[in-house]
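Hey, can you work out the whole structure from these sequences and the hints?
Chain residues, written in single-letter form:
There are 2 protein chains.
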Amino acid sequence: MASRKSPETKEEKLALIYENLAETINPEIIEGILDEGRAVKVYWGTATTGKPHTGYFVPAIKIAQLLHAGCEVTILLADIHGFLDNLKAPLELVEHRSNYYQWTIRAMLEAVGVDTSLLKFVKGSSYQKSPDYIMDVYRLCSVTSEHDAKKAGAEIVKQSTNAPLSGLLYPILQILDEEHLGVDVQFGGVDQRKLFTAAKEWLPKLGYKQRAHIMNPMIPGLHGGKMSSSEEDSKIDLLDSPETITKKIRKAEAAPKIVEGNGLLAFVEYVLLPAAELKTGARTFTVERTRDALEPLVYSDVKAMHADYQNDVLTPQLLKPAVADAIAHLTAHIRDSFAASPEWQNLTTLAYPPPAKKEKKVKNKGTHYPVRPKGDEAAKETPKDEAPKEA
Amino acid sequence: MASRKSPETKEEKLALIYENLAETINPEIIEGILDEGRAVKVYWGTATTGKPHTGYFVPAIKIAQLLHAGCEVTILLADIHGFLDNLKAPLELVEHRSNYYQWTIRAMLEAVGVDTSLLKFVKGSSYQKSPDYIMDVYRLCSVTSEHDAKKAGAEIVKQSTNAPLSGLLYPILQILDEEHLGVDVQFGGVDQRKLFTAAKEWLPKLGYKQRAHIMNPMIPGLHGGKMSSSEEDSKIDLLDSPETITKKIRKAEAAPKIVEGNGLLAFVEYVLLPAAELKTGARTFTVERTRDALEPLVYSDVKAMHADYQNDVLTPQLLKPAVADAIAHLTAHIRDSFAASPEWQNLTTLAYPPPAKKEKKVKNKGTHYPVRPKGDEAAKETPKDEAPKEA
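Read top to bottom, the protein sequences are chains A and B.
Quick note on the numbering used here: the first sequence kicks off at 1 and runs consecutively.
Quick note on the numbering used here: the second sequence kicks off at 1001 and runs consecutively.
In short, the hints are calculated from the structure, not lab data.
Idealized CB from N, CA, C, for every residue including glycine.
Any given hint might turn out to be false.
Residues of chain B clear of chain A, computed beta-carbon distances all greater than 12 Å [what the hints assert, rightly or not]:
no.	residue
1	1007
2	1041
3	1096
4	1148
5	1201
6	1329
7	1342
Reference listing, derived: stretches of chain A covered by chain B, where coverage requires no fewer than 3 residues with Cβ under 8 Å from a Cβ of chain B [unchecked claim]:
no.	segment
8	142-154
9	341-347
Printed below as a string of C-alpha cells:
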C-alpha cells in the first residue's frame, strides 16, 4: 500500500528514522545495528487513560516512518498506569481502553499505508508485575536517589512533596521497560529528554546496556494552545466525521502571517506532509483556491509554505479548509475500519461508557495521577500535541 | 518446658502481651480478637543483613511473651531488603543469612522455654515479588505523597534528597506486609511509631483494615552507647562462650549510681527478668556477693534494683559478673543447639564467610542502604539495642 519507496541503504534508512526529529541520543547504537544488518527495535509507550485523538498522529507518523525503515516497533499500552490513574476506575474499564488504543493506533498506521507486520503491542500488565521486573524495580530504587528520580521526571511528572510517590517510581519503570521490552531504542517527545538522559546512566548500574533515544519536537496543538478535553470542539477525535472536522478546524486559532505557535502549520509539517509521502510517494500538501478562481498552492517544502503564510498569500481562511480536508482524508481509513468492525464498535461502548452524572464526580475526585499537573485536566485526554508517554 | 503459668483469662493474656511495652495503638483490635476467642496474629520483621547478637533478645523476649500468651507470631525475614542492602552481595549469601537468622531466633525463643508451635518464619521474597503484592505497591504509591512517605520513615530511614528511592518505598512495603502476612498486629520498637501511625491511615485507602501496633521502648545497649560492629568487644554474639561474655561485659560502660542510660540495668529489666519468669516461673535476678561473704542480692522488682544501684549497694563491680553469668545461662541452649547441629554450623560458614581483604573493599563501596545513616556502619550489624526492623 505504501507508495513511498522503502529505504534500502543504511543512509536512506537513517534519513527516514531521523526525519523531523528534534534530537537523538547515542545514534551510534542505531547505526551499529544497521551495520549488523538486523532490525532496529524501538519502543514507544502510552498510558491508556483517555481517548486517542488527532494529536496522536504526531508520534504515529514517526512510528510509521520507523516501520517503513524496517524497524521493529513495540507499542507499550501502559494499562497498569491507566488503572493507577484513578483507583476508582475498575480494571476492566482500563482493559477495554487498552484494547481501544490498540485498534485505533493500528488503524492510524494502516491509514498511511505502512506495513505493520513488524508492529507489536504489549500491555504493561503482561510483565510489570513479574518477579524479575519487580526485583529490578527494587534494585533500581536502591541505587537511584530521590533527587535523581525527580530530575529525571522533571518535565513529565508533577513536582511537589505532596505529589504521589508513584511519580518518583515513574522514571524507574519507564527506564526498566527498555530492558524488559528488549529494545534498542526508546522514542518519545523532547519533554522526555531528562528521563532519556537518566536511562543512559541508570541501566548500566544494574548491568544492563544503554539504549539510543530519539525525540520528536513538541509542537503546538491544532488550536494553537493546549487541547482541552473539557472543550469538545478543541479536540478532533479520530472518528469524527469530515463535517465535524471542518467545523472544529474552522474554530482553530491561527493568527494571520504568524508562523510561530501555529498548530495548523505544524500539523502540516509533522503529520500531513510525511503522511502524504508515506501514502502516495509524493510529499505534497495542496491548498485549493477555487473560490478566487486561482491555481491551487501545492507545497512539498515547509519553508515555502511558511514564507507564503508570512506574506499572507497562504491565509488562515485558505489554510483551514485545506487542513480539514487533509485530515478527513487521512482519517477515512480509520472511520471505514471502525464502521466495518462490530468488535471495535462494541469495545468503544465498553471503554467509554456514557458519563453518568455521579460517575463524573467520582472521576474528578479520584484524579491524582502525577503526570498530569494539578488542574490540568486537559493533559489526561490530550497531552500537548503529543500522545502521552507512559503515564 | 516454660514454667511460667500460661495465661488463661483475657486479662492475664493482655497483661503478658502489654508487659514492658512503651505504647500500643488500637488496643481494642487485640481485645476484640481475644473476646472472639481466636489467636491474635502478630508480625515482627527483621532484615537479614548482619548477624543476630544479644541485642536481639529485647524483641525476642517480647515475642516469647506473645507466644506464651497464645499469639500466632510471624517473623518476617526480610531477605529482599537484605539483598538490596548491598547489590554486590550475591543472593545466595543473603539466602544463607536468612536461614541463619531463622536457626538463631528459634533457638533464642527455645532458650526461654516457650512453646514455638505457633511461631512461623516467612521470607520476604516468598511474597514481595508476587503480582498481587506489587499491584498493591503501585496502588499505595499512587495514593501516598512523597511527604507522607518521608514522614512515616522519618526515624528509621535516612532522610535526604540524596538518599536512595528505596528509602521511600520502605514504609510502603512494611505497611503492606501487615495485609499480605494476614496479621492483626505489628510489633516493633517505638522508633517505628510514625510508620505505625501511617499504617493506620494508609491501609484503609486500599480498602484494607487497620491493624493494632505494639511497641517496645528503645533501651540503651549493653555497653551504654551504640554497639559497633567494628569493635568486636562491644557486641556479644549469641554463640560467644561464657568466658568471652564475661570479658566483654567487664568492659561495658556502667557509671556507678547512675541508672539512666545504663545498658546493663536495662538488659536485666527487659530481658533477664522476663526471661527468668518465662523459664522458671520466678521473676528473679540474683547478684552474688560471695567475695564479700554477704548474702546474694535477689531482685524481682526493677525499682528495688534501681534503688540499690543509686545507693551504690549494687555496684557496677557486682552487677557485671551477675549479668555476664545470666547471659551465659540464657545463651547456653543456643550454644548447645549449635554444637548439636552440623547443618547450622555449615550454614554459618556459608552465611558469614571469613572476610577476604578484597571482599571487604567491595562491601564498603556497595554500602548504600537507606536505613543505615551514612557513615554509621554499626547500624548494619547492630542497630541500636533492638534488632533492626525490616530493612
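Results of checking the hints against the structure:
{"no.": "1", "hint": "1007", "in the structure": "holds, 41 Å"}
{"no.": "2", "hint": "1041", "in the structure": "holds, 26 Å"}
{"no.": "3", "hint": "1096", "in the structure": "holds, 19 Å"}
{"no.": "4", "hint": "1148", "in the structure": "violated, 8 Å"}
{"no.": "5", "hint": "1201", "in the structure": "holds, 14 Å"}
{"no.": "6", "hint": "1329", "in the structure": "holds, 41 Å"}
{"no.": "7", "hint": "1342", "in the structure": "holds, 33 Å"}
{"no.": "8", "hint": "142-154", "in the structure": "holds (count 8)"}
{"no.": "9", "hint": "341-347", "in the structure": "violated (count 0)"}
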